[in-house]
Amino acid sequence: MLAFIAKRMVAIIPVMGVVALFVFLMLRLSPGDPASIIAGDYASPADIERIREQLGLNAPIPVQFGKWLWTLAHGDLGISIFTNLPVSKLIAQRIEPTLMLASTTLVFAVLVAVPLGIIAAWKAGTWIDRAIMIFAVAGFSIPVFVLGYILIFQFSLELRWFPVQGYTSPFVDFWKFLRHITLPTVTLSVIYIALITRITRASVIEVMEEDYIRTARAKGQSERIVLMRHALKNAAVPIITVIGLGVALLIGGVVITESVYNIPGLGRLVVDAILKRDYPIIQGLILVFSLVYVMVNLLVDIIYTLVDPRIRY
Amino acid sequence: MIQTTRRALLFAAALAVPALALAAPQPAAAEKVLRVIPHADLKNLDPIWTTAYISRNHGYLVYDTLFALDENLQVQPQMVDTWTTSDDKLTWTFKLRDGLNWHDGAPVTAADCVASLRRWGARDGMGQALMDVIESLTAADNKTIVMKLKEPYGLVLESIGKISSNVPFMVPKRMAETDPFEQMPETIGSGPFKFSKEEWVPGAKVVYLKNEAYVPRSEPSSGAAGGKVAKVDRVEWIYIPDQQTAMNALINGEVDYYENPPPDLAPILEAAEGVVVEVNDPLGNQGMLRMNHLHPPFNDQAVRRAVLKSIDQEVYMQAAVGNSKFYSVCNSYYACGSPLETDAGNKLVTSPNIEEAKKMLAATGYDGKPVVIIQPTDIAILSAFSLVTAQRLRSIGMEVEMQAMDWSTLTSRRAMKEPVDKGGWNIFHTWWIGGDITNPVLATGMGGGGVERAWFGWPDDPKIEEMRSAFARETDAGKQRALADSIQDRAINNGAYGNVGTFFVPVAYRDNVKGLIKSPVQFFWNMSVER
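Respectively, the protein sequence lines represent chains E and S. Numbers 1 to 313, taken from my numbering, label the letters of the first sequence in order. Numbers 1 to 531, taken from my numbering, label the letters of the second sequence in order.
Derived from the structure by calculation, the hints contain no laboratory data. Among these hints, one or two may not hold up.
Taking lysine-lysine pairs in the DSBU-like style, the calculated list, with each CA pair at most 35 Å apart, reads [stated by the list, open to error]:
| hint | chain 1 | residue 1 | chain 2 | residue 2 |
| --- | --- | --- | --- | --- |
| 1 | E | K89 | S | K32 |
| 2 | E | K67 | S | K422 |
| 3 | S | K518 | S | K210 |
| 4 | S | K197 | S | K210 |
| 5 | E | K89 | S | K197 |
| 6 | E | K89 | S | K231 |
| 7 | S | K173 | E | K67 |
| 8 | S | K231 | E | K176 |
| 9 | E | K67 | S | K197 |
| 10 | S | K95 | S | K150 |
Just so you have them, the derived chain E footprint on chain S, three or more residues with Cβ under 8 Å [as the list claims (entries may be wrong)]:
| hint | region |
| --- | --- |
| 11 | 180-191 |
| 12 | 202-209 |
| 13 | 213-224 |
Stretches of chain E that chain S covers, calculated by requiring three or more beta carbons in the stretch to come under 8 Å of a beta carbon on chain S [said to hold, decoys possible]:
| hint | region |
| --- | --- |
| 14 | 183-197 |
| 15 | 257-270 |
In this text, a Cβ means the ideal position worked out from N, Cα and C, and glycines have one as well.
Build the full structure now, drawing on both the sequences and the hints.
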């Protein structure tokens, strides 16, 4: 196992290299010029050129890429063109809200979706199953921002239970944190609840038709024990796979949820940076997101071995 | 084992919570806080390095100016106490008022101001024009600035009292010596608020703290001039890019002031309890249709005039703004409501007529080749302007190709001087805030400096450049006025650009906010919150 993890960790380096090259080229070859934005409407072409020179944007693309790789090799993500602050500092300022939102969303989604999926499988074909599946289809269909606005209208403006926007760290005021994070978590969770519920249901139904389930029933074990001890454990691999894949979806969902609820996280940082063409921030964030995604995939592979002893690396 | 782990976690959390609570600065309970949703995110702290209006507004909180425009757009002294001009109008002497100190406690000196003016003069258009006529700029003593000119210049005070970007803000000499093309490393001013750097989270929050040592002028606050009295302890800018969320936050009382709600949200805000919506900017913003004068068909004055004839401001404003409370129809190139507003040259544009424009276009050599309109779809008002222009041009017989993009792409695309088939463009739209177009020198869009010196679109009209230069050098107000009229007359008839109307972006605030200052620029002194 350790050898597997070490091999996968080493494989991350070329993966990140390809991501870095791809992101860099995409940004440099797409239209838009931060120097023009900085210079503003009154600037002369000479002023814009001088700013481009100061920012190093006039250098050949391979030179720019080489410089960036050099700073990366020193553990430095670069300096934001607009704020003049280190990208690592900007990410550090914003990472906590995003991590909190992603964590609460994943936990809430799993806690709700897995039981719902099991119940749907257990009661397959009944009205309970159909009701849960209708909810799952609706969950897939409602865009995150629409659901967000509906929840804000009902629970913030009408009932005044939760604030409209903002974020408070749980380390500063846990009660305030809960008030701020509840609606975004529910909003972002719905699509994952729908996804995980459907997969859990399908996996459990498939497993329930296996011989060992029939054997368990024949031994006189209760339906609850059959479901929880035998069916769910064997259905876990696809469920964990979907949860892992969901992290990629989560990164996209966080961007929208953070905008709707004005949470100062990484999602909003990347959107702002793209609109302003703040290359170092975009490059740094995509690298970080890619790294997270690769690590989550590794984690999922490791968890496979814990839930299914047949899997060996 | 599980209990041990849980205890350890609780212990760690118990230690972490107070530590992190201490790490994050929080306002004291009794502090008066004004919570504002600004119009944009503050990304740059140096208002000379960038012309972004949000950096200018930041500058007004932190820095001070030698002169400033009052609500009637008249120049008034601000950091300056008294000033004199020699009989030949070549030597200007400014004496700083008492009680001026930087936020780090050091006194403001004339040498600081000289260095600040030089840095501003290296970047700002009006500053560069002023520097061209300055023979020497020196500090005679700690409080006296002496400016010697090569020739009389009519816009000395108007330049250093300029209200909008780039504003000549005063900074300590060590900061002013920063290369004008690099950002200043510190944010130390002498204005009514101090910037709280440790609380700045770009993209989310900016905090300003009352400068207890600031000595305001004794006159009442008026525009950018008069006494800048900080009536709250903290001003917090909470950036909320989503307009719907910003509106909801104001309605829910989570913020006190929303700087730029889009006019289409105004009816909901007006209906909300405890929310006031009003226009606070007397000059508004002028919409601009800019044609590329370098390439066909708009290198032909007759084609440009046909386009101007087709512009119906009412149609543009209805499409882009909708609510007639928030726009006006006014053809002056100078900001409507400003001292130089004029009807000169308006005959071409006061009675828009599609049929007449069609005939005018037919009489030109327009070959039916599609004109490319670059449309910034991420800015609703400009996107609407683009759509209206496309429809109007089609109505007069032009072929039109729309190219959608975001504003950032447009800013680099519009700088391209090549023809359309090599990545150029024919038309784009923008707007100017009223404070930026109060005279022909400021109003860059009227200029005719050609491919080398003119603003994007590059009109080439040496005569108009001569007239703008004469305006700047004219010291008699009456003659300046006559020149301004002639410049507008010539610019409109040359089809410098299309004025598609004046619109006003309202402000919205909780009814416990008092002391707003009427101005084309947003100021935060004099404002208070009653809780």
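Results for each hint:
no. : hint            : in the structure
1   : K89/E x K32/S   : holds, 30 Å
2   : K67/E x K422/S  : holds, 31 Å
3   : K518/S x K210/S : holds, 21 Å
4   : K197/S x K210/S : holds, 14 Å
5   : K89/E x K197/S  : holds, 13 Å
6   : K89/E x K231/S  : holds, 33 Å
7   : K173/S x K67/E  : holds, 33 Å
8   : K231/S x K176/E : holds, 28 Å
9   : K67/E x K197/S  : holds, 29 Å
10  : K95/S x K150/S  : holds, 21 Å
11  : 180-191         : holds (count 3)
12  : 202-209         : holds (count 4)
13  : 213-224         : violated (count 0)
14  : 183-197         : violated (count 0)
15  : 257-270         : holds (count 7)
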